[in-house]
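With these hints in hand, go ahead and build the complete structure from the sequences.
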Amino acid sequence: MLEKTLQLIDAVHYLVIPKIYAAAPTIDLTDNAASEPTDITTLSDIVNLVINTVFVLGLAASLLFVIIGGIKYVTSQGDQTKAEEARNTITNAIIGAVVIVAFRVILSIALNIIGGGTLDTILK
Numbered sequence: 001m002l003e004k005t006l007q008l009i010d011a012v013h014y015l016v017i018p019k020i021y022a023a024a025p026t027i028d029l030t031d032n033a034a035s036e037p038t039d040i041t042t043l044s045d046i047v048n049l050v051i052n053t054v055f056v057l058g059l060a061a062s063l064l065f066v067i068i069g070g071i072k073y074v075t076s077q078g079d080q081t082k083a084e085e086a087r088n089t090i091t092n093a094i095i096g097a098v099v100i101v102a103f104r105v106i107l108s109i110a111l112n113i114i115g116g117g118t119l120d121t122i123l124k
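Each step along the sequence shown adds one to the number in the working numbering, with nothing skipped, and position 65 is 65.
Hint data in this document are derived by calculation from the structure and do not stem from the laboratory.
Even glycine gets a Cβ: it sits at the ideal position worked out from N, Cα and C.
Zero decoy hints are in this set.
Pair by pair, the computed Cβ-Cβ distance ranges are:
id, residue 1, residue 2, range
1, LEU49, VAL74, 36 to 42 Å
2, ASN112, ILE40, 22 to 28 Å
3, THR53, ILE113, 21 to 27 Å
4, ASP10, VAL54, 33 to 39 Å
5, LYS4, PHE55, 42 to 48 Å
6, ASP45, GLN80, 47 to 53 Å
7, LYS4, ALA110, 55 to 61 Å
8, VAL50, ILE114, 15 to 21 Å
9, VAL50, GLN77, 39 to 45 Å
Shown next as structure tokens:
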């Protein structure tokens with residue numbers, strides 16, 4: 001059954017993917033030659049990008065570990081050690097999410113107190 005399902009997925013893949021590539025629009029690279037390659041031009045832009053990326057990835061990782069812990073808990077089948085391990089995984093993921101959100105809140109409060117609310121005003 002699993003092999004037939006994988007064969008079906010493989011067949012659909014070979015039928016659909018070439019059409020997606022064939023439908024891709026062409027890109028004229030000559031129009032963009034004079035423009036900036038990125039919107040990041042200052043140190044504060046780089047710091048903001050790093051902070052936002054770490055925030056999003058951290059929350060995504062926390063959510064992933066909550067899901068993994070939930071799956072472990074459901075599949076523990078009454079085994080106390082596995083259930084405890086799953087509860088610890090969920091607890092640690094929630095603690096991690098709280099720490100990440102607290103970091104973001106503390107950073108925002110500190111920026112508002114120090115100088116205007118953004119990194120642009122502080123790093124200039």
